[in-house]
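There are 2 protein chains.
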Amino acid sequence: MTPLKLRKVAIDTYRENVAYLHRACPLYHSEGFQALNKIEIRDGSGEQPVIAVLNIVDDESIVAPDELGLSEQTFDQFGSLTGNPVRIDHASPPLSLRAVHAKIAGDRLCREDFRHICEDIVNKRYSKIEIAAFLVGCAESGMERDEMLYLTEAMVDTGKRLDWGESLVVDKHCIGGIPGNRTTMLIVPIVTAHGMLMPKTSSRAITSPAGTADTMEVLAKVDLQPEEMRAIAHRQRGFIAWGGTADLSPVDDILISVERPLALDSKGQMIASILSKKIAAGSTHLLIDIPVGPSAKVRSQADALKLRKLFEYVGDRTGLQLEVVITEGSQPIGNGVGPALEARDVLRVLQNDPRAPVDLKEKALRLAGRILEFDPDVRGGQGYRLARDLLESGRAWRKMRDIIGAQGAVAEPPAEAKLQFEVLAPASGEIVAIDNLQIAHIARLAGAPMDKAAGLYLCHKLHDRVEQGEPLYTIHAEFHADFEFAKNDAARDIGYTLGE
Amino acid sequence: MTPLKLRKVAIDTYRENVAYLHRACPLYHSEGFQALNKIEIRDGSGEQPVIAVLNIVDDESIVAPDELGLSEQTFDQFGSLTGNPVRIDHASPPLSLRAVHAKIAGDRLCREDFRHICEDIVNKRYSKIEIAAFLVGCAESGMERDEMLYLTEAMVDTGKRLDWGESLVVDKHCIGGIPGNRTTMLIVPIVTAHGMLMPKTSSRAITSPAGTADTMEVLAKVDLQPEEMRAIAHRQRGFIAWGGTADLSPVDDILISVERPLALDSKGQMIASILSKKIAAGSTHLLIDIPVGPSAKVRSQADALKLRKLFEYVGDRTGLQLEVVITEGSQPIGNGVGPALEARDVLRVLQNDPRAPVDLKEKALRLAGRILEFDPDVRGGQGYRLARDLLESGRAWRKMRDIIGAQGAVAEPPAEAKLQFEVLAPASGEIVAIDNLQIAHIARLAGAPMDKAAGLYLCHKLHDRVEQGEPLYTIHAEFHADFEFAKNDAARDIGYTLGE
Numbered sequence: 002m003t004p005l006k007l008r009k010v011a012i013d014t015y016r017e018n019v020a021y022l023h024r025a026c027p028l029y030h031s032e033g034f035q036a037l038n039k040i041e042i043r044d045g046s047g048e049q050p051v052i053a054v055l056n057i058v059d060d061e062s063i064v065a066p067d068e069l070g071l072s073e074q075t076f077d078q079f080g081s082l083t084g085n086p087v088r089i090d091h092a093s094p095p096l097s098l099r100a101v102h103a104k105i106a107g108d109r110l111c112r113e114d115f116r117h118i119c120e121d122i123v124n125k126r127y128s129k130i131e132i133a134a135f136l137v138g139c140a141e142s143g144m145e146r147d148e149m150l151y152l153t154e155a156m157v158d159t160g161k162r163l164d165w166g167e168s169l170v171v172d173k174h175c176i177g178g179i180p181g182n183r184t185t186m187l188i189v190p191i192v193t194a195h196g197m198l199m200p201k202t203s204s205r206a207i208t209s210p211a212g213t214a215d216t217m218e219v220l221a222k223v224d225l226q227p228e229e230m231r232a233i234a235h236r237q238r239g240f241i242a243w244g245g246t247a248d249l250s251p252v253d254d255i256l257i258s259v260e261r262p263l264a265l266d267s268k269g270q271m272i273a274s275i276l277s278k279k280i281a282a283g284s285t286h287l288l289i290d291i292p293v294g295p296s297a298k299v300r301s302q303a304d305a306l307k308l309r310k311l312f313e314y315v316g317d318r319t320g321l322q323l324e325v326v327i328t329e330g331s332q333p334i335g336n337g338v339g340p341a342l343e344a345r346d347v348l349r350v351l352q353n354d355p356r357a358p359v360d361l362k363e364k365a366l367r368l369a370g371r372i373l374e375f376d377p378d379v380r381g382g383q384g385y386r387l388a389r390d391l392l393e394s395g396r397a398w399r400k401m402r403d404i405i406g407a408q409g410a411v412a413e414p415p416a417e418a419k420l421q422f423e424v425l426a427p428a429s430g431e432i433v434a435i436d437n438l439q440i441a442h443i444a445r446l447a448g449a450p451m452d453k454a455a456g457l458y459l460c461h462k463l464h465d466r467v468e469q470g471e472p473l474y475t476i477h478a479e480f481h482a483d484f485e486f487a488k489n490d491a492a493r494d495i496g497y498t499l500g501e
Numbered sequence: 002m003t004p005l006k007l008r009k010v011a012i013d014t015y016r017e018n019v020a021y022l023h024r025a026c027p028l029y030h031s032e033g034f035q036a037l038n039k040i041e042i043r044d045g046s047g048e049q050p051v052i053a054v055l056n057i058v059d060d061e062s063i064v065a066p067d068e069l070g071l072s073e074q075t076f077d078q079f080g081s082l083t084g085n086p087v088r089i090d091h092a093s094p095p096l097s098l099r100a101v102h103a104k105i106a107g108d109r110l111c112r113e114d115f116r117h118i119c120e121d122i123v124n125k126r127y128s129k130i131e132i133a134a135f136l137v138g139c140a141e142s143g144m145e146r147d148e149m150l151y152l153t154e155a156m157v158d159t160g161k162r163l164d165w166g167e168s169l170v171v172d173k174h175c176i177g178g179i180p181g182n183r184t185t186m187l188i189v190p191i192v193t194a195h196g197m198l199m200p201k202t203s204s205r206a207i208t209s210p211a212g213t214a215d216t217m218e219v220l221a222k223v224d225l226q227p228e229e230m231r232a233i234a235h236r237q238r239g240f241i242a243w244g245g246t247a248d249l250s251p252v253d254d255i256l257i258s259v260e261r262p263l264a265l266d267s268k269g270q271m272i273a274s275i276l277s278k279k280i281a282a283g284s285t286h287l288l289i290d291i292p293v294g295p296s297a298k299v300r301s302q303a304d305a306l307k308l309r310k311l312f313e314y315v316g317d318r319t320g321l322q323l324e325v326v327i328t329e330g331s332q333p334i335g336n337g338v339g340p341a342l343e344a345r346d347v348l349r350v351l352q353n354d355p356r357a358p359v360d361l362k363e364k365a366l367r368l369a370g371r372i373l374e375f376d377p378d379v380r381g382g383q384g385y386r387l388a389r390d391l392l393e394s395g396r397a398w399r400k401m402r403d404i405i406g407a408q409g410a411v412a413e414p415p416a417e418a419k420l421q422f423e424v425l426a427p428a429s430g431e432i433v434a435i436d437n438l439q440i441a442h443i444a445r446l447a448g449a450p451m452d453k454a455a456g457l458y459l460c461h462k463l464h465d466r467v468e469q470g471e472p473l474y475t476i477h478a479e480f481h482a483d484f485e486f487a488k489n490d491a492a493r494d495i496g497y498t499l500g501e
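Listed in order, the protein sequences are those of chains A and B.
Residue numbers are given in my numbering: position 71 of the first sequence equals residue 72, and the series is strictly consecutive.
Residue numbers are given in my numbering: position 480 of the second sequence equals residue 481, and the series is strictly consecutive.
Among these hints, one or two may not hold up.
Since copy identity is lost for identical chains, a pair holds within one copy or between any two.
[Stated by the list, open to error] DMTMM-like, lysine to aspartate or glutamate: derived pairs with alpha carbons at most 25 Å apart:
no.: 1; residue 1: K488; residue 2: D13
no.: 2; residue 1: K268; residue 2: D147
no.: 3; residue 1: K39; residue 2: D490
no.: 4; residue 1: K39; residue 2: D452
no.: 5; residue 1: K462; residue 2: D378
no.: 6; residue 1: K419; residue 2: E229
no.: 7; residue 1: K161; residue 2: D254
no.: 8; residue 1: K462; residue 2: E423
no.: 9; residue 1: K310; residue 2: D224
no.: 10; residue 1: K39; residue 2: D266
no.: 11; residue 1: K125; residue 2: E468
no.: 12; residue 1: K488; residue 2: D90
no.: 13; residue 1: K39; residue 2: E485
no.: 14; residue 1: K222; residue 2: E413
no.: 15; residue 1: K268; residue 2: D77
no.: 16; residue 1: K310; residue 2: E468
no.: 17; residue 1: K9; residue 2: D360
no.: 18; residue 1: K488; residue 2: E41
no.: 19; residue 1: K9; residue 2: E468
no.: 20; residue 1: K39; residue 2: E17
By construction, these hints were calculated from the structure, which means they are not laboratory data.
With the hints as extra help, turn the sequences into a complete structure.
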């Protein structure tokens with residue numbers, strides 16, 4: 002079989018490896034290749050082959066009949082040079098797919114099974130549909146808690162793992178779903194002002210109006226290189242950065258890229274995802290926040306307790322000191338929803354501004370207090386008071402300014418949104434419910450998190466009494482189309498329920 | 002939002018719709034599109050949007066920043082002209098995905114659920130991973146027999162349906178897995194010689210060394226257009242064509258394109274796949290062949306019986322007259338494995354050649370007999386004798402020549418393979434087992450079905466006594482590389498077990 006000449010095709014296929022073969026390539030017919038086949042690509046080096054999905058090309062300017070084209074990421078992963086000879090072959094399915102079939106049939110998988118699956122996934126031997134089969138197989142019959150443990154361990158072991166060289170590296174994670182809930186940006190300055198090490202990597206919003214990284218980005222640079230993180234942690238004891246660059250638990254990123262469009266929601270997957278990322282990030286002590294409420298991710302106290310036990314089970318067996326707090330999740334936290342509006346709430350709390358939202362401050366103090374109690378020198382039950390002292394004395398605010406300076410302060414914070422609209426109470430009464438999902442939805446339609454200044458500002462919260470015509474919240478938008486989308490959706494469903 | 006200019010990109014992405022957007026396109030950033038996002042594409046016509054997966058391009062010769070490229074099939078499906086204005090938007094997930102989630106959670110789905118799922122699939126609103134989620138969801142908790150019925154009906158209703166204008170249109174289907182089992186090419190001439198209508202559409206091999214369409218192609222053209230099929234059926238009462246062109250149960254083809262690489266094997270899916278295709282092809286009476294054996298798809302009589310009941314349940318409720326025969330599947334049928342070698346067996350049976358394989362002849366007569374008994378004028382139990390008369394009198398052979406002529410005879414049948422190798426008995430003894438899977442595997446390595454003359458010719462079958470050094474079978478190949486692959490694999494595992 003004559004080799005093909007390697008060529009980079011300037012197409013970005015993200016997490017999917019794609020190879021391009023011209024229809025007139027002699028191999029296309031003689032070897033029975035077909036579009037969407039999985040192929041193995043080798044140069045002569047004896048390295049592991051790269052696996053890609055095949056597309057057939059009818060245009061010689063994209064690839065010629067004697068060439069094999071690779072999409073940008075695939076070319077980079079393959080690591081050979083343009084024009085170099087490569088050979089292709091039909092890819093055999095990954096061996097660990099047998100375990101996936103066993104899982105689909107309802108079997109329990111062992112530690113080795115999860116290890117092989119994660120190794121094959123991280124080596125891109127799984128196609129998207131094979132990943133989907135694994136996820137659905139795990140979602141449907143569910144995973145035993147031991148299986149969650151094995152998956153977590155395997156996800157950690159197939160990526161990099163940071164080591165901060167200290168025995169107390171704290172972290173927190175909220176399972177999400179509550180708009181405005183930006184406690185991390187308060188907790189990091191509080192606990193690092195106390196001297197604890199809290200190197201915080203956060204995510205950007207995927208389905209929500211803002212992630213911690215989006216909100217921090219209003220104030221400082223968040224795309225930090227690993228060396229920068231290390232230097233800032235050394236001098237400031239902490240930072241708030243985007244966690245996308247560190248190759249921590251890479252299997253998690255790949256699973257999420259399939260799980261998300263499927264809107265699959267499996268407890269086992271969530272626990273393995275969160276804990277593997279934290280362990281890989283080098284955390285030793287972790288506080289998990291599970292908000293409970295009628296429109297939160299977890300809707301009952303009983304479900305929250307079950308989830309807490311699972312976190313504890315896996316955490317204990319992976320050597321993580323883990324505490325779970327179950328919090329009130331029946332409405333947004335704070336008043337701002339969207340990066341800039343949330344950042345304003347955070348700054349007001351740090352600056353002890355009288356306009357600071359009390360619920361955000363209280364929740365942050367409660368969580369920071371629990372984290373401070375990870376310090377052996379802090380007496381049990383004294384964490385909240387210590388946190389409050391750190392905040393109200395201005396030490397947390399000074400620390401936050403130092404962190405912002407170290408990460409690189411944003412020169413000009415975004416101006417207030419040009420377009421604003423007050424959504425008014427349709428009747429007088431008490432606010433008896435606020436729908437987290439609808440509030441988040443309207444804020445996203447308004448442009449959050451892409452437009453930093455877009456989102457909602459809530460004027461009233463649960464149990465407030467309002468008169469007809471009083472504003473409930475303000476919609477902020479940068480662009481007319483978004484503004485109209487958000488206003489129309491609020492007119493359809495205001496997200497607030499008034500009653501007596 | 003300014004529209005983009007439509008452009009066809011000469012890339013074949015088979016069953017997956019792919020759209021190409023340049024990274025410098027203003028929409029890429031402002032709208033937050035990302036590689037692998039699903040987008041909706043509209044022209045101004047108010048037609049249903051086309052859904053595609055997005056790839057981001059960095060080469061203006063593929064698409065310019067003001068253009069939207071579509072892969073070949075996507076462009077054709079969209080049906081608009083190059084340069085026409087199009088608008089794109091984020092695609093919302095198909096509504097019927099809720100039913101898929103319910104299925105994954107273990108619920109039973111109703112008739113309407115399956116209908117909506119099939120409609121969304123046929124309209125390409127499902128990505129491959131969503132299809133995988135549906136298939137795994139159905140495979141794992143399994144489907145109730147009513148769900149198999151609903152799925153079958155929905156698959157028929159979302160495609161074309163042929164109507165032959167007669168009340169007795171017969172068909173047969175074998176669930177597969179037995180090499181050499183080419184009974185269809187005997188049954189069609191026998192039952193059409195009796196005057197029954199048997200318009201037979203068959204598949205090409207996907208994982209086997211030959212499908213009926215591959216074998217018939219040795220003798221005649223099989224890529225027939227619907228009008229040709231109609232004309233030949235009218236004059237000859239039957240044909241043996243490739244079934245890929247008729248848009249029958251298109252959902253089945255889409256599901257198979259995901260199911261196959263996953264190697265998923267679900268009873269419900271198999272039954273819906275087979276029966277939907279047959280119903281859509283206009284069959285009224287159907288004979289199903291379930292071979293049972295240690296290396297067949299169905300391994301026990303009990304499993305075969307369960308499967309029979311399911312076929313009967315769905316068949317009865319879709320108005321199909323359906324009979325199931327459970328046959329011997331512990332070894333290949335006939336002596337040839339591979340298109341040309343199987344065609345030779347078939348011709349020998351039709352020509353009453355003394356070298357004809359008895360097992361192939363007997364099995365074909367038995368099945369043809371059962372089909373002949375669908376004729377109200379054929380007395381119960383007389384089908385086999387009638388079939389034998391039709392065959393041994395030469396009437397079936399004359400009919401086959403007429404059908405071959407009508408479809409378009411192949412000018413020059415393939416010559417015997419250039420490379421041949423006898424695999425010898427390693428010891429003396431009785432042949433106590435033949436592994437269907439290994440025989441098929443060696444034949445495929447030898448080049449079948451791509452090389453028509455490649456495959457195996459079996460010299461001995463189950464329960465024959467052989468002396469050490471006597472040939473068990475001959476490997477036929479056209480190319481040296483294939484020949485070596487096949488010989489080496491036979492040396493590793495001969496596929497025959499000798500005992501006493």
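Query raised in the report: From the Cα coordinates, with 25 Å as the cut-off, is the pair K161 and D254 best called within, between, both, or neither?
Result: within (13 Å within a copy, 41 Å between copies)
Report task. Up to 25 Å between alpha-carbons, please classify K39 paired with D490: within, between, both or neither. Result -> Only across copies: K39 and D490 sit 23 Å apart there, 44 Å inside one copy, limit 25 Å.
Query - Status of E229 relative to K419 across identical chains (alpha carbons, at most 25 Å) - result: neither (35 Å within a copy, 67 Å between copies)
Query - Within, between, both or neither, where K268 and D147 count as close if Cα-Cα is 25 Å or less - result: within (13 Å within a copy, 30 Å between copies)
Query raised in the report: How would you classify K39 and E17 at a CA-CA limit of 25 Å: within, between, both, or neither?
Result: both (11 Å within a copy, 14 Å between copies)
**Report entry** Intra- versus inter-copy proximity for D77 and K268 (alpha-carbon distance at most 25 Å)
**Finding:** neither (34 Å within a copy, 42 Å between copies)
Query - Intra- versus inter-subunit Cα pairing at 25 Å for K462 with E423 - result: within (15 Å within a copy, 85 Å between copies)
Requested in this report: First find the shortest C-alpha distance between K310 and D224 inside one copy, then the shortest across copies, and answer within, between, both or neither for a cut-off of 25 Å.
Outcome: neither (34 Å within a copy, 61 Å between copies)
Query raised in the report: From the Cα coordinates, with 25 Å as the cut-off, is the pair K310 and E468 best called within, between, both, or neither?
Result: Neither: 44 Å inside a chain and 67 Å across chains, both beyond 25 Å.
Query raised in the report: Given identical chains, is K9 near E468, meaning Cα to Cα at most 25 Å, within a copy, between copies, both, or neither?
Result: neither (64 Å within a copy, 58 Å between copies)
Report task. Measure nothing new, just compare the shortest in-copy and cross-copy C-alpha distances for K462 and D378 to 25 Å and report within, between, both or neither. Result -> neither (38 Å within a copy, 82 Å between copies)
Requested in this report: Classify it for me, K488 with D90: is the Cα-Cα distance of at most 25 Å met within a copy, between copies, both or neither?
Outcome: For K488 and D90, only the inter-copy Cα distance (19 Å) is at most 25 Å; the intra-copy one is 55 Å.
Figure legend: structure checked against the earlier numbered hints; hints not met, in rising order: 1, 5, 6, 9, 11, 15, 16, 17, 19.
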